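Participant: So the sequences go chain by chain: A and B.
Take 1 as the starting number for the first sequence in this note's numbering and just add one per residue.
Take 1001 as the starting number for the second sequence in this note's numbering and just add one per residue.
Hints are not guaranteed to be accurate.
Claimed, not checked - In silico DSSO-like links for lysine-lysine, alpha-carbon gap of 27 Å or less: (1) 74/A x 1203/B; (2) 19/A x 1409/B; (3) 1229/B x 1181/B; (4) 1081/B x 1116/B; (5) 1256/B x 1149/B; (6) 140/A x 1019/B; (7) 1328/B x 77/A; (8) 116/A x 1180/B; (9) 77/A x 1406/B.
As the list claims (entries may be wrong) - Chain A stretches covered by chain B per the calculated footprint, using a threshold of three residues with CB under 8 Å from any CB of chain B: (10) 45 to 59; (11) 74 to 81; (12) 107 to 115.
No lab work stands behind these hints, which were simulated from the structure alone.
For clarity, every value in this text was computed on a predicted model and none was experimentally measured.
Note that beta-carbon positions come from the ideal geometry of N, C-alpha and C, so glycine has one too.
What follows is the residue order along each chain.
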Amino acid sequence: MKTILEAKNINKYFLDPVKFHVLKDISFTVSQGEFVSIMGKSGCGKSTLLYILSTLDTSYEGELIIDGEMATGKNNKQLAVIRNEHIGFVFQFHYLLPEFSVIDNVMLPAKKLNRKPLEEIREDAMNKLRLLDIAEQADKLASRISGGQKQRVAIARALINDPAIIMGDEPTGNLDSKNSQNVFNLLRELSVEKNLTLLVVTHDQDFADKTDRIITMEDGRIIK
Amino acid sequence: MNWRVIIQIAGRHLITRKKQTGVAALGVTFGIGTFIILMSFMTGLNGMLDGLILNRTPHVHVYNEVKPSEQQPVDYYEEFKNSFNVVRSIKPKMNQMRIHNAVELMNDLERDERVKGVTPQVSAQVFYLAGSIQLNGRLNGINVLDEVKLFNFGDYIVKGSAEELAKNSEGILLGAGVAKKLSLEIGDRVQISSFTGDLYHLKIVGIYQSGLAEFDNVQSFANVKTVQKILGEGNNYISDINVKLFDIDQSKQVSKELERVYDISAVDIETANAQFETGTQIRNLITYAVSVTLLLVAGFGIYNILNMMIYEKMNDIAILKATGFSGKDVKYIFISQAMLIGLIGGILGLVMGFMLSVAIDHAPFETEALPTIKTFPVNFNALYYIVGVSFALISTFLAGYLPSRKAEKIDPVEIIRGQ
Ligand SMILES: Nc1ncnc2c1ncn2[C@@H]1O[C@H](COP(=O)(O)OP(=O)(O)O)[C@@H](O)[C@H]1O
Ligand SMILES: [Mg+2]
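Use the sequences and the hints to build the structure in full.
Facilitator: Here you go:
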């Protein structure tokens, strides 16, 4: 099975306000098609780890390999390209650009990638929206749809460039239980039907139980 | 760099903030509009004054100045060569007003390839007579058609025409002041008395008005031959030669050459109108100073709005960076925003500048001093419009640069974590 993500001995310190060893010797891999969840108490370093794995945070020790490519040591511009091409990110707070339509939000990363003609990108985006059952909202302003819908749009956006891995930081954390269920089921479907690789931080035990593998953290360490 | 998506995002940000964008753009519009208007008007004014003075002034004026000899007899004495000689009460040598060998000199000048044209003048002291009134005056003999061609003499003829004078060897273009004092009109006859007392009847074929009263009260113009006859001189009697060059910048050099080679007085246009250049420069300076000030104010407006917008758009910036836009992309999004404001404001400024210039150009402006000017002078030069837009883009770029740098540097993790 192909390895999509590999973390080797990742250590991170916060220096402010006092020196604080937040991540301690984190090593693990995620293989193609796996649905992995990360659990742990609040404050144990899950988000911090995810920011490093998603290449947004570059001040750490250790090595990060994404889709066979060494991400550690690359400059900001190169990392932006990696994120654009290989990583789809879903946040807890559905970060959409409020002034753009739903479909424009989904299209933006593909426009940045600039590999396909505009018409094809629009077609792709429509397909992703259909996949997430939200195509009828395509032309609405992103600020005019509900929270659950926003999160589904964010997932559609994460999918637009067919990334190697989708990362989520408590993607259902801000939704009611019905919408949470909904979003989880969608992710599960994507994992099974599209053979997508997913790495999702959650504090929801039910959610985690239904994933392929659970990584449990405590005080900046992986304990299981 | 994928400019299409960058411009799309920038444009969207602006469209959703129509009011702020409008205010910022309006600042630029006023800056550029004012620049265009000032520039067109000021240079129009410069051009008009150039037309009034420079176009009508010979580039080199050749004449025979009455002055004491530079070399006094004592200077020729070998014995006093090394001594300090003081000569008191020097008087000019008996000298004629005419230019020596004027015809040859003119031929030489005509052949010079730097020279566009040459006109001769004969000047005579006369009295204008009407009934018992006797007016002191000066009658200039000119080749009127050449004067029209080279020195825009036609601009001075307020009634009648140059052609009439050229046709009529007994014709005269009477100074407007003279005509008024003597109550004479075009078609009347005027009596001229030369210094020797001979009387001549000349027919008034036109009225001459320069706008300078001291001129118009004494000067009149007739053909060269007519004045030579009044003076009782032959046709090689020429008192002044006016030279027009192809390149005005050579006038100093040419006048020096003439003085050296022909032993004659020659004054170039720059020396004769030294104060002129200064006026032009000061007008340009004022124009640029006012425009730059206005643009500076507009620039600060844009700087503020962009700073505010970046503050509001922290989330967007974080999301763009998280989804693969680089810091540079984000920087260019905000710089594009500033420059779009500059472009829109600038183009509106051009339109405003142009429309007001047209209005000014049609506003009546009549003054005794400038008989040929009927409306305000405006210079419609495409260059100012190009400079104006460039100004707008450069100043908005500068205004947008610092805030955009800030956006480039924003750490998305901090924003995402902050929520
Ligand atoms: N910028 C920072 N500076 C200092 N300490 C921080 C910073 N960000 C987070 N921390 C601390 O690091 C620890 C891990 O935070 P985080 O990764 O957000 O935890 P989790 O997502 O597991 O709840 C927490 O104790 C938090 O207070
Ligand atoms: Mg967290």
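Participant: Determine for every hint whether it applies to the structure shown.
Facilitator: Comparing the hints with the structure gives:
Among the hinted pairs, residue 74/A with residue 1203/B is inconsistent with the structure: their alpha-carbon atoms are about 96 Å apart, more than 27 Å. Distance check on the hinted pair: residue 19/A and residue 1409/B sit about 24 Å apart at the alpha-carbon level, within 27 Å; holds. For the suggested pair residue 1229/B and residue 1181/B, the alpha carbons sit about 26 Å apart, so the restraint of at most 27 Å is met. Pair hint residue 1081/B plus residue 1116/B does not hold up; C-alpha atoms about 44 Å apart against a cutoff of 27 Å.
Taking the CA atoms of residue 1256/B and residue 1149/B, the gap is about 25 Å. The hint holds against a cut of 27 Å. This hinted pair checks out: residue 140/A and residue 1019/B have alpha carbons roughly 23 Å apart, not beyond 27 Å. Note on residue 1328/B and residue 77/A: the hinted pairing holds, with a Cα-Cα distance of about 8 Å set against a maximum of 27 Å. Under the criterion of a C-alpha separation no larger than 27 Å, the hint pairing residue 116/A with residue 1180/B is inconsistent with the structure, at around 85 Å.
The hinted pair formed by residue 77/A and residue 1406/B meets the criterion: a straight-line CA distance of about 17 Å does not exceed 27 Å. Under a criterion of three residues with beta carbons nearer than 8 Å to beta carbons of chain B, the stated coverage of the stretch 45 to 59 of chain A is upheld, 5 such residues being counted. For the stretch 74 to 81 of chain A, the proposed coverage by chain B is satisfied: 4 residues have a C-beta within less than 8 Å of a C-beta in that chain, meeting the threshold of three. Residue count for the stretch 107 to 115 of chain A with a Cβ under 8 Å from a Cβ of chain B: 6. That meets the three needed, and the coverage hint holds.
Of the numbered hints given earlier, the model fails hints 1, 4, 8; all others are met.
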